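*Asks:* Listed in order, the protein sequences are those of chains W and L.
Residue numbering for the first sequence is 1 to 292, as defined by this note's numbering.
Residue numbering for the second sequence is 1 to 171, as defined by this note's numbering.
Hint data in this document are derived by calculation from the structure and do not stem from the laboratory.
Don't take each hint at face value.
Simulated DEER-style distance windows between Cβ atoms [as the list claims (entries may be wrong)]:
| # | chain 1 | residue 1 | chain 2 | residue 2 | range |
| --- | --- | --- | --- | --- | --- |
| 1 | W | 160 | L | 72 | 45 to 53 Å |
| 2 | L | 96 | W | 283 | 44 to 52 Å |
| 3 | W | 213 | L | 154 | 36 to 44 Å |
| 4 | L | 98 | W | 234 | 55 to 63 Å |
| 5 | W | 231 | L | 98 | 54 to 62 Å |
| 6 | W | 62 | L | 2 | 49 to 57 Å |
| 7 | W | 255 | L | 119 | 41 to 49 Å |
| 8 | W | 190 | L | 95 | 27 to 35 Å |
| 9 | L | 156 | W | 214 | 48 to 56 Å |
Computed footprint of chain L on chain W, listed as stretches where at least three residues anywhere in the stretch have a Cβ under 8 Å from a Cβ of chain L [stated by the list, open to error]:
| # | region |
| --- | --- |
| 10 | 59–72 |
| 11 | 251–261 |
Remember, predicted model here, so these are calculated numbers, not experimental data.
Note that the Cβ used here is the ideal one computed from N, Cα and C, for glycine as well.
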Amino acid sequence: MQTIEYAAPQTLREAIGLLAGAGDSGRVLAGGTDVIVQVREGRRPTVQVLIDVKKVPEANEVTFDQAKGLRLGAAVPCYRIYENEIIARLYPALVDSTSLIGGTAIQGRASLGGNLCNASPAADSIPTLIVLSATAVIAGPEGERRLPVEEFCIGPGRNALQQGEMLVALEFPTPQPRSGAKFLRFIPRNEMDIAVVNAAAHVVLDESRGRILSARIALGAVAPTPLLVAEAAEALVGAELGEAAYKRAAEAAIEASKPIFDMRGSIGQRRHLSGVMVRRAIEGAVARARNS
Amino acid sequence: MPQRMHIETTINEETVEFLCEGRQSLLEVLRDGLGLTGSKEGCNNGNCGACAVIMDGRVVNSCCVLGAEASGATIMTIEGLHGPNGLHPLQQAFLEEAALQCGICTPGFLIAAKALLDQNPNPDEHQIRYWLAGNLCRCTGYDKIIKAVQKAATTMNGGQTAPVAAEAGAR
């Protein structure tokens with residue numbers, strides 16, 4: 001049985017030092033709902049040190065500034081996101097995601113940073129992070145760097161972090177006027193399941209609120225990583241609100257969807273659902289944008 | 001022999017000290033180290049909720065918490081639910097409504113329901129069902145559990161029934 005050391009650094013500098021010193025054998029622990037299970041079940045055999053970053057201030061802060069936008073520490077648990085009134089008002093798609101990741105007991109611990117680093121193709125926060133144009137703030141022995149969140153996952157369970165680096169925070173731009181975003185997922189029951197397909201959409205409307213100025217669309221569980229579907233967004237730009245444009249975007253989403261067949265769904269079902277979920281996500285995003 | 005850590009924590013309002021290895025879960029510490037066997041091991045991977053405890057005011061699955069993370073925390077387990085005068089209203093309601101059969105899931109349901117009523121003393125049925133979605137029961141079919149939680153809420157509110165929500169949201 002794997003021996004695990006536990007460390008709880010108090011500062012970012014200390015955490016980076018521990019990670020760099022541990023090399024391949026170090027892994028960051030935030031909410032632990034993925035990593036503790038993986039390590040204890042022997043699915044991460046190289047891990048010997050778990051570095052708990054919940055006491056690192058930068059990884060636990062939630063700050064909003066009208067000029068700079070929202071900064072979410074990577075270890076902030078889901079409940080602190082969906083119970084935050086500013087987030088609920090300005091970034092409701094984050095509430096969509098965080099309130100359906102696992103059940104209540106998971107949401108008391110699980111973080112968006114952990115969901116992103118775990119890099120599951122079906123992760124329920126990543127499409128939302130992508131359409132909200134989030135930036136991953138990464139710290140390492142060489143200093144800090146930033147990466148658009150759509151470039152963070154590089155394969156199932158694999159992310160862009162280099163040895164000794166950790167995800168510190170996620171930064172979101174201040175919402176534009178007349179914009180809105182929506183995340184949803186398809187599962188066979190009402191709660192507590194892994195997405196067959198999930199999708200998020202973000203739209204910005206023109207001053208008449210009748211036409212789409214810009215859009216971002218993301219799909220999950222249909223490829224090795226969550227996808228930013230540029231073609232679906234392009235189908236919306238400049239279009240009048242309505243079924244015709246949404247249908248073109250849905251067709252582009254089906255085209256971009258490259259799912260596998262597994263116990264959760266067939267390829268045909270997942271491709272079909274890609275269109276349905278993208279259309280519904282756009283409708284939800286438009287409804288929020290019209291009311292914003 | 002792996003190195004053990006000395007942890008000091010508060011469990012059911014008592015200061016508790018224990019030694020644990022880095023890989024040990026809080027559930028293992030509770031059951032095997034401290035003899036608090038009320039929290040059950042079901043799936044051991046965060047799906048079933050049988051090991052639920054309240055940690056710093058939040059319901060969590062103790063199988064997905066390291067024992068070492070309990071350092072400085074305040075924890076309530078099922079052993080701490082009853083009051084000085086007997087059963088907690090939730091426990092009483094579970095008995096009266098027959099909200100259990102085999103009983104393995106019951107401590108987790110009681111703890112999760114306690115956390116719900118602490119936060120929302122008047123939950124509607126929809127809110128109870130979503131809150132308890134992370135607790136699995138293979139015997140009762142859930143309806144009796146939901147009814148018991150509603151009954152306990154009514155008792156704890158001095159007999160007032162919960163208002164019917166006009167539109168039941170996910171939260």
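*Asks:* Take the hints in turn and mark each one as holding or not.
*Replies:* Status of the hints after comparison with the structure:
Between residue 160/W and residue 72/L the beta carbons are some 34 Å apart, a value that contradicts the proposed interval 45 to 53 Å. Between residue 96/L and residue 283/W the beta carbons are some 46 Å apart, a value that agrees with the proposed interval 44 to 52 Å. Our hint of 36 to 44 Å for residue 213/W and residue 154/L is violated, since their Cβ atoms are close to 51 Å apart. At about 58 Å, the beta-carbon gap between residue 98/L and residue 234/W stays in the expected band of 55 to 63 Å.
Evaluation of the 54 to 62 Å hint for residue 231/W and residue 98/L yields a pass: the beta carbon distance comes to about 56 Å. Judged by the Cβ atoms, the range 49 to 57 Å given for residue 62/W and residue 2/L is violated: they are separated by roughly 36 Å. Between residue 255/W and residue 119/L the beta carbons are some 45 Å apart, a value that agrees with the proposed interval 41 to 49 Å. Taken as a hint, the range 27 to 35 Å holds for the pair residue 190/W and residue 95/L, whose Cβ atoms sit roughly 28 Å apart.
The hint said 48 to 56 Å for the Cβ distance between residue 156/L and residue 214/W, and at roughly 51 Å that hint holds. Given as covered by chain L, the region 59–72 of chain W fails the check, having 0 residues with a CB less than 8 Å from a CB of that chain where 3 are the minimum. By the rule of at least three residues with a Cβ nearer than 8 Å to a Cβ of chain L, the coverage given for the region 251–261 of chain W is violated, with 0 such residues.
The structure shown violates the earlier hints numbered 1, 3, 6, 10 and 11.
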